[in-house]
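Participant: Go ahead and model the full structure; you've got the sequences and the hints to work with.
Number of protein chains: 4
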Amino acid sequence: MDFENSARSKDYLERIDAFMREHIEEQEEKARLMMFERDPLYQWTPPPELEQLKEKARAEGLWNLFLPDDEYGAGLSNVEYAPLAERMGQSFLAPEIFNCSAPDTGNMEVLYHFGSKQQKDDWLMPLLAGDIRSVFCMTEPAVASSDATNMEATATIEGDEVVLNGVKWWSTGAGYPNCDIAIFMALTDPTAHKYAQHSMVLVPMDSPGVRIDHMLTTMGYWDEPSGHGQISFENVRLPVSAIIGGPGRAFEIAQSRLGPGRIHHCMRLIGQAERALRMACERATSRVAFGKPLANLGGNRERIADARIAIEQARLLVLKCAWLIDTKGVLGALSEISQIKVAVPNMAQGVIDMAIQLHGGAGLSNQFALPAMWTHARVLRLADGPDEVHRGVVARLELAKYVDRDAARG
Amino acid sequence: MDFENSARSKDYLERIDAFMREHIEEQEEKARLMMFERDPLYQWTPPPELEQLKEKARAEGLWNLFLPDDEYGAGLSNVEYAPLAERMGQSFLAPEIFNCSAPDTGNMEVLYHFGSKQQKDDWLMPLLAGDIRSVFCMTEPAVASSDATNMEATATIEGDEVVLNGVKWWSTGAGYPNCDIAIFMALTDPTAHKYAQHSMVLVPMDSPGVRIDHMLTTMGYWDEPSGHGQISFENVRLPVSAIIGGPGRAFEIAQSRLGPGRIHHCMRLIGQAERALRMACERATSRVAFGKPLANLGGNRERIADARIAIEQARLLVLKCAWLIDTKGVLGALSEISQIKVAVPNMAQGVIDMAIQLHGGAGLSNQFALPAMWTHARVLRLADGPDEVHRGVVARLELAKYVDRDAARG
Amino acid sequence: MDFENSARSKDYLERIDAFMREHIEEQEEKARLMMFERDPLYQWTPPPELEQLKEKARAEGLWNLFLPDDEYGAGLSNVEYAPLAERMGQSFLAPEIFNCSAPDTGNMEVLYHFGSKQQKDDWLMPLLAGDIRSVFCMTEPAVASSDATNMEATATIEGDEVVLNGVKWWSTGAGYPNCDIAIFMALTDPTAHKYAQHSMVLVPMDSPGVRIDHMLTTMGYWDEPSGHGQISFENVRLPVSAIIGGPGRAFEIAQSRLGPGRIHHCMRLIGQAERALRMACERATSRVAFGKPLANLGGNRERIADARIAIEQARLLVLKCAWLIDTKGVLGALSEISQIKVAVPNMAQGVIDMAIQLHGGAGLSNQFALPAMWTHARVLRLADGPDEVHRGVVARLELAKYVDRDAARG
Amino acid sequence: MDFENSARSKDYLERIDAFMREHIEEQEEKARLMMFERDPLYQWTPPPELEQLKEKARAEGLWNLFLPDDEYGAGLSNVEYAPLAERMGQSFLAPEIFNCSAPDTGNMEVLYHFGSKQQKDDWLMPLLAGDIRSVFCMTEPAVASSDATNMEATATIEGDEVVLNGVKWWSTGAGYPNCDIAIFMALTDPTAHKYAQHSMVLVPMDSPGVRIDHMLTTMGYWDEPSGHGQISFENVRLPVSAIIGGPGRAFEIAQSRLGPGRIHHCMRLIGQAERALRMACERATSRVAFGKPLANLGGNRERIADARIAIEQARLLVLKCAWLIDTKGVLGALSEISQIKVAVPNMAQGVIDMAIQLHGGAGLSNQFALPAMWTHARVLRLADGPDEVHRGVVARLELAKYVDRDAARG
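Chains as they are written, first to last, in our numbering: chain A, 1282 to 1691; chain B, 1282 to 1691; chain C, 1282 to 1691; chain D, 1282 to 1691.
Fair warning: there could be bad hints in the mix.
Copies of the same chain are indistinguishable here, so a pair counts whether it falls within one copy or spans any two.
Think about it this way: if two alpha-carbon atoms lie no more than 35 Å apart in a straight line, the pair counts; the simulated DSBU-like pairs of lysine-lysine are [as the list claims (entries may be wrong)]:
1. Lys1573 with Lys1475
2. Lys1682 with Lys1573
3. Lys1475 with Lys1291
4. Lys1609 with Lys1291
5. Lys1291 with Lys1335
6. Lys1291 with Lys1682
7. Lys1311 with Lys1335
8. Lys1682 with Lys1335
9. Lys1682 with Lys1311
10. Lys1682 with Lys1337
Please keep in mind that the hints were generated in silico from the structure rather than gathered at the bench.
Facilitator: Structure follows, in structure tokens:
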């Protein structure tokens, strides 16, 4: 057993840390504080500096670090990538600047693992280059999407075409002007086995019949310029070759996609929690009330200790999970993936809430990043599967040690 | 002991309930959903319908119900007003329509109890009439305002004038075009007893030297058209007669103001929690996943039960506290006022979070009022004194049963 | 709405308080501390002082206060009895001394409401006189008794006899030498409606075929001299007239019995929590560490405040529930009875655990009553229905506001 | 980073597991269940089988595995020992059988690191051989021992003698007939630096002036045959050579002792939590209520999942802490040692409480080991430093990243 990270991971971490300190964090802080100065407006156009920073990051080799492939990515294992994602996650901009942001990373992994040569050329290459953005269209407004078999959208095969219909929402990234491609998941063959009925289709966003109905807020935030869209697909016709991996493989692909997607979210959230704890400590040691620094009032130290303890535990679980994915694959880490998906967002939500409370009224306002951080953690208790569904997975795998698989399903 | 509410309180409740069903709730729902349709914009101008509804409510005698005075208000006791405030609190608009919204109610009580004849004529009357709005300027950005003695703003007496300087924030209501008057609290005499150094001054918002620096968001919300302002006061000169109750009485007035202010917040929050539970039950019984209504999945029923249990207990504590204020005055209810100020927002935050979770992604979006409701509850864990300060009051009064007062202060 | 207790309840409270201070509490303390001095031994024989105190209490009219009947009891309503039970509950001996202890009170209520003239003469009179003790035999070791329809014991009618077979446990009170009578619940007619299959039978403990197999510990305690027995019934033959209210009425009687039984437990537990908070405050103000009284260290004040807030809320819910039973009957208070059954033991467990922690190692030992108090609270999260079952009842009644009764059952 | 345990650790684990299955667990179960059959009595004499099993374990080389020394122990690192201690910890007898039980392990480490040649010969050797037992006498009844500087016992040097006076309690192991030696900590020189005033003295239990006043219960348990003693030392005279490492080094030694002591406790508690989860799953899948296995009722699956998630996180934190002690020493792991000391007992207490609840009434009784397990976890929230003190250490080390050391102390 060895808790030391690899030399190359440590080297990348240093470089990312330096890049973020030098080029990202101060600017991000300024941008947020500017909201005070102007009439609030939604910036659906990414600032030009973003593209410049992306180029710079790419030039420095801080690019596509998430992909465990030597050629397309940096060839890092998940456990090596974890500290990097954690550091990037402390900023809302950094993941994008390093081309490591959701949902693009997940979509790239889908194309990397399941895409045809043509699909890779058309979409994976420009995504890896950071030239375009993408959305993942799975969740639907009309049904409980925690149960994916509820899905109502259809991808019907008619001859050599596939015809798409349905309404999807929570399509994060739909706000980008260069969001060019969607991965659309829908029902193809209701007569097939429960988990072989659905397909994933690559849909150019400018296809006739594709329309962004409107954007959604999360806890009041539009999350511009990325945003979350509700998108309708009405008789969208595409060649059958637009289906990833062929018809009926959507669940298989989704499971493969969601493993890394979830762990990346969790890695970044650890970073957010760590950032919140730092802010809490800075506030606690610098602000005075009733004649003492806040750190010396009431239960504040206990809360800081509890936050440290919670973060350490959650981080170790994420690392263990990453190591399992590296050594045994996603299927060897099913319980752990669901475990971190429950543990980390709840932990982060709690730590950030504590930091808000220590900041007083200011902690609720746009003076600090804390409200956006909290919202991000809260969203992840639902996104990529609600807590309850993941607890269900963990329990099923636990009970399967004692009864047969069907009984464990309940 | 009798848990039945009075006949006239029940009568008012019926009328308020009918008014809200008929005139308020559907429109409010529509207004929120409209956010989907348009480019988001902040409405700092209250809609004209609001004024019409206020007139209607006033005509029906559903007006100023908060004030336990037969002439100016409805003459209801706090315990009689509680169920009405709870019902109003289920809407974000209703309290204003019935002229029972914060911070105006608190400010009116200050003027009612401590205002001079002239101050009442100038400001209480138009507030009671709903013609103008007001702000309360106490909290400051530069210091920990949980400890009010930290306050840096000054109200210096020079001859027959008082000169105001300082920066205040979290001045809720500053966004209203007809927000005409501020109550400004500041240091007058640093040589006086700790709790006799400060004054409250009535400051017309159009006084030279008064400037709204900017508005603040709470968890991403601008809470327009009311909003929360940061306001600077620079050499604002007013006659000494603008001081409420005379110099040095600010702490005395603040304590008197905050008692009813806090309990009214709590009453309304009970309403929000009740509304969230209703939404949770409706969702749980109407939405299906994994072949069952959500109500029959995992721990959902337990969470619904826990919410019911938590709401009932918190409501009873608020009622008990109201009864104590009615029968023994604010000073006879100090512990209970702090108790509800801790218990109710935390309870409401938890219940609303549960309801969000049951709604899935939709619960985070502007499709439902839940995010705004959550934010409101979260804010109240800091506004009017953070949880920690109120826990401190409760503990001090508890320990004073065992040791003398100074030792109980710690 | 009125939170003042009645004059006669206040009068009784004063007298009970004086009696407990004068005659009970010091002795109880001494008895516990004596455990240090001797080789531990289990006192299955009640001390003679107990009978003397019972006589004294009876002579002073502090007797059978639980029974809302003017002749047999004191004619107090539940809401009037609540503060008395709370005060008695602060001692482990007092309820018995005032003839108000479980399970006798519940059994007396069964006989009072459902017993025949003969049954009352034979068993209710001696119980009201405090001459004998009783047990209630419902729970069984072999099945999940949270679902009472699981019950395996039988009460088969053969001619004019009823024949009893089965094993019951958690029969509290079985350790008393004068435990003369059991109420035994068992299956009589499996063909009847689900809730009309069972009967309750009065079984003299000296009937042939009745045997106490062994006693049970709760968290290590034997709870002597009362104790919890496992009792087997083997071909016990009794006349049919031993059945209370006639065959098939056991569920009806049980529901009626458990309402008051549960609320009495909760009232007493409020007393235990209040006692634990008092102990915590006394320790916090008298014990010094790191140069300060414990009260001024870390989060201790916050915990004391939280305990106060939790107790107040729970007490009010119990009082409201008592008032509902008084004014609308047990059936009008079903949700509230289950609500307090969840809320109060959990609250008490938490408050007592906090008090233990404040007492350090001593708090775990027989130097203080805290471990026994904690155990008592913990037991009540299972006795008379586990938390989970009561949460189910609360949820069902909540959801029934939105869907029909069958759907609410889930 | 590598989460795989070493080959030799895995080999030891297999052998310990086999030994426990074959020789310990069934017998232990039987012994507990025997309590049903007899009048309860306290077995202060260890059963003869215990000594036989110790011999057997020693013969198989499963002996002193805790000591990272090739000669005296097995030469295992802490991280290699962790899984073994976890497995042993699932039984109350196993640690003793493998000569790895508290407080002997801690006392042996003290002697190993700080003992003179003579002290080692006299006391370390027989302890390593399992021939005698020992107690650690630090905590005192009269003062808050969470602050060790409160200590009132004295070890006064008079010429070449040291004279001991004081009363100690919570001396675990004092009940063993072969408990021959005590390590006694007391004040030697009040004029020295705060952390150099105290000494640790080796006191043969048969020294004149040593008396076991009485034993203490924990939550009602006597924990026989080990037990927890209150021991008085009255003018006990010993040669100065009885002081370990010389006068004034007690705090230094204590810190060194408590590091491994605490982590061993935590390792074993992970085992207890794992055992409780197993019991919960077995019960949940085998017991039926309301027509379903308990696993499929209400929130039971969520609780099982939460337990799994909590255990995994706590175990990883313990392993990380062990690895830090191995690679950086106790001083390099101060925060982590306090972190696990908070995290693990609280986690275990929660998991075991959940398991109790799933077992219904049986879970509270001596039919299952759960009450003893719960008590053990609860005790460890106070033993070796209460949660609050350890949270204080974690917070201090956290805040020291932002302010200087003195400010971080608060």
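Participant: Each hint should be assessed against the structure and marked as holding or not.
Facilitator: Each hint, compared with the structure:
no.	hint	in the structure
1	Lys1573 with Lys1475	between (62 Å within a copy, 17 Å between copies)
2	Lys1682 with Lys1573	between (53 Å within a copy, 19 Å between copies)
3	Lys1475 with Lys1291	neither (44 Å within a copy, 41 Å between copies)
4	Lys1609 with Lys1291	both (24 Å within a copy, 19 Å between copies)
5	Lys1291 with Lys1335	within (22 Å within a copy, 47 Å between copies)
6	Lys1291 with Lys1682	between (38 Å within a copy, 21 Å between copies)
7	Lys1311 with Lys1335	within (19 Å within a copy, 42 Å between copies)
8	Lys1682 with Lys1335	between (48 Å within a copy, 32 Å between copies)
9	Lys1682 with Lys1311	between (53 Å within a copy, 25 Å between copies)
10	Lys1682 with Lys1337	between (51 Å within a copy, 32 Å between copies)
Checked against the numbered hints listed earlier, the structure breaks hint 3 alone; every other hint is satisfied.
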